[in-house]
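Those protein sequence lines, which keep their order, are chains A and B.
Per our numbering, residue 1 is the first one in the first sequence, and the count goes up by one each step.
Per our numbering, residue 798 is the first one in the second sequence, and the count goes up by one each step.
If you're looking for bench data, these hints aren't it; they were derived computationally from the structure.
Take the hints with a grain of salt, since some may be wrong.
[As the list claims (entries may be wrong)] Stretch by stretch, here's where chain B covers chain A in the computed footprint (C-beta under 8 Å, at least three residues):
id, segment
1, 124-131
2, 174-184
[Said to hold, decoys possible] Simulated restraints, written as ranges between beta carbons of each label pair:
id, chain 1, residue 1, chain 2, residue 2, range
3, B, GLN823, A, SER477, 22 to 30 Å
4, A, SER760, B, ILE800, 36 to 44 Å
5, A, LYS481, B, PHE815, 31 to 39 Å
6, B, GLY806, A, ASN706, 38 to 46 Å
7, A, GLU371, B, GLN823, 55 to 63 Å
8, B, TYR832, A, GLU203, 45 to 53 Å
9, A, SER85, B, ILE800, 23 to 31 Å
10, B, LEU810, A, VAL428, 43 to 51 Å
A virtual CB, placed ideally from N, CA and C, is assigned to each residue, including glycine.
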Amino acid sequence: MKQTAIDKQTICYHCGNDCADEQIELDQKVFCCNGCREVYSILSKSGLCNYYTYNAHPGVSQEKASKRFDYLKEPSIIKDLIDYSDEKFTIVTFYIPDIHCSSCIWLIEHLNRVNPAVHYSRVDFLRKQVNIRFDTKGITLHELVMLLYSIGYEPLISLQDVVKKQASDKKDNLVRKIAVAGFCFGNVMLLSFPEYLGISVYEQSFRQFFGWLNLLFCLPIVLYSGTGYFKSAWTNLKNKVLNIDLPLALGIAVLFVRTAAEILTHTGSGFADTLCGLVFFLLVGKFVQRKTYYHLSFERDYRSFFPVAVQVINDDREKSVPLSDIQVGQRILIHNNEIIPADAILLKGDARVDFSFVTGESVPVNKVLGEVVYAGGRQTGEAIELEVVKPVSQSYLTRLWNNEAFTRTQENRMQTFSEKVSKYFTIVLLIIAFSSFIFWFPFDVHRAISAFTAVLIIACPCALALSTPFTMSAALSIFDKNFFYLKNTAVVEQLAHIKTIVLDKTGTITINGDTSIVSLITGSDAEKQMIYSVCANSTHPLSRLICQYLNSYSKLNITSYYEVPGRGITADIDGHFIRVGSAKFVNTVQLASSSAQKTEVHVSINEKYIGYFSIEQHYRDGMTTVKSLSPSYGLYLLSGDHGHERDALSSMFSTEDMFFERTPQEKLEFIKQLQQKGNKVMMIGDGLNDAGALKQSDLGIAITDNVNNFSPGSDAILDGRSLKKLPAFLKFSKDALHIVYISFCISLTYNVVGLSYAVSGKLSPLIAAILMPLSTFTIISFTSVATHLAARKRKLL
Amino acid sequence: MSIIYFLIGCSVLLALIFLGAFFWAQRHGQHDDLYTPSVRILLDDEPENEQKK
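Make the full structure from the sequences, and use the hints.
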């Protein structure tokens, strides 16, 4: 019993992190930081400790910088955020990325125990959203957000959320259409059944009655559920495009007309069952194709990266101002870890700005007073004061984003296989239909019409239209299980055609800040202090790393300093001559270690060699498998960073395929050049600096360590852990395409078999009624089994 | 056998009621969130014995 108690003590009761040396205790429970303890104390005061019983350590570590929500006091910002408000209550919806377990649901839905002014709160787990209704007088929006923040659930409020989403709910009532189609299909099947078994002569009146009812059920199918196909076929015809919707619309129309004619003239029972089944299956196929990821957004842009408001200094008073109201000449205050929203001149403070997200440059940049700081950088360090020189809408980053090339619509993407095939299919179908009409016309007009309609009915490409959606959506869910989220089913096919892969460096194959440095310096403290002083003068990334490593020293005065770019530094301190740099530069006999991933910085003082620093940049685990793609795929590295890691990266990329110091615009041009050579290019990147390249490429993949974090607009989002599966993904996408080909063949076989009946003009409704669902069933089962097997083969399942 | 008219009338009516119920549920957002209620139903309203833990 005591043993377990000791074990427990090392883990934070709230978040499950390891507790560091100093222990923070409350109620005999240990916490890793004050933040976690604070959350616990709030919860225990409100009698909400059940939070901890549903899951062990459900909390999220609170060890992060405190956030400022002062802007939520501005009425103009509040107005944009809330859904509804009157004197009594207000309704607001927040996006909370930290929602991850049932405890979260329980706690957030019991908010009113912490503050009774909250009437009601409801979590949508998949969307990670919470809908809250609260007393307008009892609690302000600012207090509500602070309350959520205090219990560890900080809502993410960004400019994109403030801008109300338009046209997000463009669902065209597909579910309703399916419901209606299903309802009619079921009833028609029931009423057609007697017809299949044969109705005796005595019960002929029933046949009439069933026929009329069937016709009645066909009306909503054609006039409501199937309208989409008519519309699409018509617009495509107007644009002189032949796609699969035309034969589908023709099939639906012919089925209906012939059914109506047969029933009204009492000449037959019609094809009501086939018609209803066709529309129902087609709509189900459409539904399956439309996979949505509630928690992901593929359309993000700079607006979700920027803050909602910024602190403006006016007559020595700070005030939150919405970003859109920022004007030239205003003084803004940017705190640690805040983003600079507009191009501005530095007025006060020590600016160390991290532009990694905008340019790919991995080391924070020092700015001097009076220098222009471009928007999109993140300040690290103390708060700084800036004067805005350009409004947000015209700042560097925004302009970049609104660049024509960046906002290009993606119309010239690849045509999908089914689009290509259906064009020929439609032409062949129409030829067969008309020629059978012309063939029978001289002999028997009635038979000619019946053959013509029968061809259009039987060749209606239902199975053809279903094979792509079912295969691709099965493939999509396989990718999904491997943390690779594709925007839609067409992306699978694009993936299969990729020939060239372009990778970004910072954040894509390296993880920011994940470097380890080993000191093999044999010198004294005084000597280390000299090394520190020399490196502190340099802006080179390696010098920076050494400074970070030796940060306990103070800086000495340097009498002379000289930096040879790409080689090293020589400096004079109190008569000591110091060389820091490459092995050659320092004149050492020390052999460079064999590992290519390590960079070494050698040091000599007064021409006496004292050792070296070994710096290792960690790459994502997947890089070795990605490297293996190299001969069959073109592999390029495209980085905004300086080339100081060129040597370390040469084990993965050949030297001529590595490009450094590329601006976002140049990256885009690079992709374009590759495409002009006829390559299908896949771009993998992570930051805003890759956004243009991601859009330009045939397939843009945003890589991220946490899918809820910001990622630039792209076709797919890949979790960093799954980068190593990239070769398997590429192979699997090809498998999926082959499955589509095979299922096309299967459905064509069905069509050919059916056509042999149809051209003779003797199509019985029973054959049509059997053939259509049978082919559909074959396709659905074949595609799902085959996709599953392919995924097994590629070890993705 | 004319009872069949009545029976078919009943079955169609019943099916229509179900269709109507589905539409009602659809319009009232019952299908908006298909996951959270499955978790919510397992959470107890009142903490049973909080002090024990």
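Problem set entry | Unmet hints by their number, sorted upward, for this structure | 6 and 9
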